[in-house]
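Trainee: Listed below are the residues making up each chain.
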Amino acid sequence: MTKEYRYIGKATPRKDARDIITGRAQYIDDMKLPGMLYGKVLGSPYSHARIKSIDTSRAMAQPGVKAVLTYKNAPDWKLGMPPHKPVLDSTVRFVGDVVALVAADTADIARGALRLIDVEYEPLPAVYDAETAIQPDSPQLYPDLPGNLLPRGTYGIGPKALQEIVIGDVAKGFEEADLIVEGECAYDNIPNPLPPEPPGVIASWDGPDKLTLWTASQSAGANKSNIQNIMGRIDVRVIGTQCGGSYGSKNANQMPVAYATALARATNRPVKLYYTKEEHFDTFSLRLGSRIRASIGIKKDGTVTAVAGEWIIDTGASSEVVPWQVAVGCGEAQLMLRCPNWNIQPRAVCTNRNPSGVVRGFGGQELKSSLIPILSIAMEKIDIDPVEFFKKNFVKPGDGYYWRDGVWVEFRGPDYSKAIEKGAEVFGWKDKWRGWGKPTAACGTKRRGIGVGIHGNADVGEDESEAWVRLDPDGRAVVFANISESGPSQRSSVCKMAAEVLNLPLESVDITPPDTLVNPFEFGLVGSRGTYILGAAVIEAAEDVKRQLFELAAPLLGAGPEDLETEDASVYHKAHPEKRLSWRRVIGKTRTCIGRGRTEHDFSLPNMMTIFAEVEVDIETGKTDLLRVVATTDCGQIIDPLVLQGQLQGSIGSAGIDTALAEETILDNRNGHILNGNMIDYKWRTFVDLPEFQTVILETPFPSHRFHAIGVGEIAPAPGPSAVLMAVYNAIGQRIMSYPLTPDKILKALDKE
Amino acid sequence: MPTDIDWNSSTREPIEKSYITLTVNGEPHRLGIGSQQDEIAPSHTLAYTLRESLGFTGTKIGCDHGACGACTVIMDGEAVQSCSILTIECDGKSILTIEGLEVNGQLHPLQQAFIDHTAFQCGFCTPGIIMSTKALLDANPSPTEDDIKQELAGHFCRCISHYLVIKAVMAAAGRER
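Going down the list, the protein sequences come from chains A and B. All residue numbers for the first sequence refer to numbering that gives the first Met the number 0, where the first residue is 0 and numbers rise by one. All residue numbers for the second sequence refer to numbering that gives the first Met the number 0, where the first residue is 0 and numbers rise by one.
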């Protein structure tokens with residue numbers, strides 16, 4: 000039974016709804032600054048090559064061209080984590096790797112100038128497979144990265160950053176097992192999160208050390224810290240625009256930010272760098288590739304006694320943030336699997352394809368999609384129902400885990416078995432489950448199968464947020480928080496929280512634009528942390544300012560602050576509601592009141608998402624249809640049911656569930672070219688192919704903040720791919736240990752090639 | 000076709016026009032054709048002209064290749080992808096963009112339904128989706144869910160607001176269950 004709130008838990012119009020549905024919302028390409036130039040990038044046609052010579056004189060001679068940058072005259076900034084990729088280099092490492100940058104009066108002129116840059120390449124041997132790349136005689140991408148291995152590191156995570164899972168004694172664990180299975184599974188189809196709006200930024204310098212950046216990002220703050228990591232402690236102001244989808248990928252916008260900033264510095268003019276969709280495919284970042292080879296020790300009752308193996312991570316030509324993805328993934332493995340003995344060794348490897356960046360699921364989706372299929376082999380051997388296995392093995396009250404920072408955390412959340420059970424019931428799991436490798440139904444050439452996957456993330460409480468709430472005497476409140484809007488409605492959600500605390504009409508609560516000059520510190524919208532950490536900061540600020548309001552009102556109403564309440568911008572005595580003063584009278588018409596809030600990280604309340612999937616495979620054609628999805632979670636308290644519904648249904652797209660069936664970036668492994676880098680050949684689900692989609696959302700109050708809520712949006716897709724892989728196995732009785740399950744792969748498994 | 004040619008002219012000599020007229024959201028615009036920065040070049044798409052020359056930035060460009068639907072506008076009553084039409088082919092045409100749906104501060108029922116159902120997330124594909132469904136409802140005021148899905152089959156919505164969009168359109172058509 001949840002508390003009845005004025006706004007929390009109810010569907011309310013998004014604050015930016017009117018702007019979006021009238022076309023007034025300002026996305027990055029809708030902006031023009033006076034004197035603004037347009038930047039364009041020249042991509043390499045080779046996956047690995049040395050630039051023998053590069054001549055920009057013909058391009059520079061074009062009227063309207065203001066700057067051409069190459070490795071010869073570009074700033075010496077390095078991108079990636081640890082910093083390893085020069086912003087422009089004399090070596091190119093993937094097809095599309097940026098060779099030169101042009102700024103010109105118009106985008107057309109800039110594009111034309113690219114064709115006038117004369118480059119002579121010396122092609123080098125390339126490597127596209129991570130396991131090949133670590134062999135001694137493989138081509139080397141960076142002189143500083145022997146064996147193409149990115150070093151494990153701490154990079155802001157703390158000295159004990161979780162860079163492997165080593166817990167207990169795996170030898171002892173395997174001895175205790177009734178059964179040991181070995182397996183290998185690859186989730187290395189490097190799907191593209193593919194936001195509809197291509198990446199874009201505008202950079203403008205005011206003097207040598209003062210930069211303003213407009214960015215289409217989910218986290219304006221992350222852009223700022225990222226720039227300062229790359230360029231040193233310059234004075235940088237970051238302003239977020241309405242963002243046309245990110246799903247992680249535009250969190251820091253490392254490459255486009257560096258390119259636009261370099262061009263703006265070279266020209267001393269504002270420069271907009273806005274990718275075309277082709278450039279988005281060719282030069283931007285993709286998901287990590289993941290391959291796990293592991294042994295599992297299991298008892299007949301489903302207790303896992305040991306997990307040991309290696310996790311090969313393909314980062315592509317560079318990695319924006321792989322140590323963090325490894326750290327989070329290693330933590331998330333423990334949330335899914337209560338096992339006392341682990342030895343998982345991650346290896347992050349560079350290859351000659353697009354760089355990898357942040358994508359929703361953040362290491363965990365990659366790890367889960369590779370590990371759960373191996374666990375499934377063990378589950379089948381002891382003949383345990385996977386729903387029972389997940390219920391038994393997902394983290395429970397009293398358990399703990401090493402989280403991202405390498406620190407042991409005791410779990411304070413609920414027993415998620417209840418939610419998993421409820422989801423199974425709505426899905427009709429018990430009626431449909433026929434055992435491992437057995438179809439739920441067969442009719443002609445069609446075979447139906449069901450599968451389930453699970454994921455959890457303690458980053459719902461990651462890092463820090465600050466917020467202020469200002470009360471104005473005219474009865475309005477303004478939330479100061481550095482929140483970008485890329486879809487999850489976080490700006491509106493915190494307004495609802497403030498309106499609820501202040502008992503104010505929602506229309507009377509506004510929020511500042513995302514702008515680092517105006518707002519207090521905000522880590523950014525990642526890891527589903529908005530609802531809890533950011534929400535708690537806004538709630539604390541609203542409660543703080545309410546306390547100030549009551550202290551001001553108490554003497555005026557002849558009462559103690561504790562006797563007072565507020566409603567629709569007036570303060571009243573709880574025992575004598577007729578004793579009432581407007582905020583204007585309380586605050587004074589020439590004053591404002593400001594409350595402050597700050598939340599520290601708390602990794603003890605991980606979220607959980609279980610996805611149940613039903614598929615139908617045609618064993619003659621190999622085509623698989625996703626028929627039905629049930630997404631199940633417990634979020635403590637729904638903030639907005641329609642927003643949450645959208646976030647959970649979002650599990651299908653943005654390199655989520657459909658990475659199991661259709662989504663992949665196909666490389667020509669002879670030359671590293673992407674073969675499907677456009678919106679037709681890259682497969683995405685259309686309106687006519689929608690599966691039936693149900694959500695099951697429990698609301699067990701969490702000890703998080705006033706509204707007992709945690710976020711779940713970021714993890715929604717993560718359990719999906721392995722659920723679909725399991726469903727297809729059960730439909731056809733043949734195990735496929737890689738993604739996506741395209742018809743040719745299914746026919747091959749069925750020996751019908 | 001770089002110019003409009005009047006074949007019926009009495010002189011039988013083609014007459015080349017150096018401008019086109021385009022009505023956008025009820026307002027006529029006379030646009031010069033040429034290669035100067037404020038003129039319409041033969042290579043300019045309708046999407047480009049609407050956004051860059053006329054300032055109707057509510058129309059979004061996603062792929063610029065007719066494969067995502069973001070740039071959909073209504074031309075003489077039909078939903079079209081404005082990235083795949085050259086402006087110089089639009090002489091005399093009447094265009095409705097997302098900015099033209101709101102009349103005197105009054106939202107179109109479709110727009111209101113999208114607000115009421117939170118039928119968007121990032122909102123980038125929303126103007127295109129609304130314009131397609133507007134054209135659908137104009138032609139078929141009582142569509143089935145399947146009609147809506149077929150109409151929107153070419154629209155790329157990566158956040159997956161599809162389910163809420165269908166509900167919103169059904170509601171706008173007065174067919175909410």
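These are calculated hints, taken from the structure and not from any lab test. One or more of the hints may lead you astray.
To be verified - With a Cα cut of at most 30 Å, we get these calculated DSS-like pairs of lysine-lysine:
(1) Lys-31/A - Lys-148/B
(2) Lys-622/A - Lys-148/B
(3) Lys-148/B - Lys-14/A
(4) Lys-445/A - Lys-148/B
(5) Lys-31/A - Lys-171/A
(6) Lys-92/B - Lys-682/A
(7) Lys-92/B - Lys-431/A
(8) Lys-9/A - Lys-437/A
(9) Lys-437/A - Lys-380/A
(10) Lys-421/A - Lys-395/A
(11) Lys-148/B - Lys-9/A
(12) Lys-744/A - Lys-431/A
(13) Lys-51/A - Lys-77/A
(14) Lys-417/A - Lys-431/A
(15) Lys-380/A - Lys-391/A
(16) Lys-395/A - Lys-171/A
(17) Lys-588/A - Lys-682/A
Trainee: Decide, hint by hint, whether the structure agrees.
Mentor: Hints and how they fare:
| no. | hint | in the structure |
| --- | --- | --- |
| 1 | Lys-31/A - Lys-148/B | violated (36 Å) |
| 2 | Lys-622/A - Lys-148/B | holds (21 Å) |
| 3 | Lys-148/B - Lys-14/A | holds (28 Å) |
| 4 | Lys-445/A - Lys-148/B | holds (25 Å) |
| 5 | Lys-31/A - Lys-171/A | violated (65 Å) |
| 6 | Lys-92/B - Lys-682/A | violated (34 Å) |
| 7 | Lys-92/B - Lys-431/A | violated (56 Å) |
| 8 | Lys-9/A - Lys-437/A | violated (42 Å) |
| 9 | Lys-437/A - Lys-380/A | holds (14 Å) |
| 10 | Lys-421/A - Lys-395/A | holds (17 Å) |
| 11 | Lys-148/B - Lys-9/A | holds (28 Å) |
| 12 | Lys-744/A - Lys-431/A | holds (25 Å) |
| 13 | Lys-51/A - Lys-77/A | holds (21 Å) |
| 14 | Lys-417/A - Lys-431/A | holds (20 Å) |
| 15 | Lys-380/A - Lys-391/A | holds (17 Å) |
| 16 | Lys-395/A - Lys-171/A | holds (23 Å) |
| 17 | Lys-588/A - Lys-682/A | violated (58 Å) |
This entry does not satisfy hints 1, 5, 6, 7, 8, 17, going by the numbered hints stated previously.
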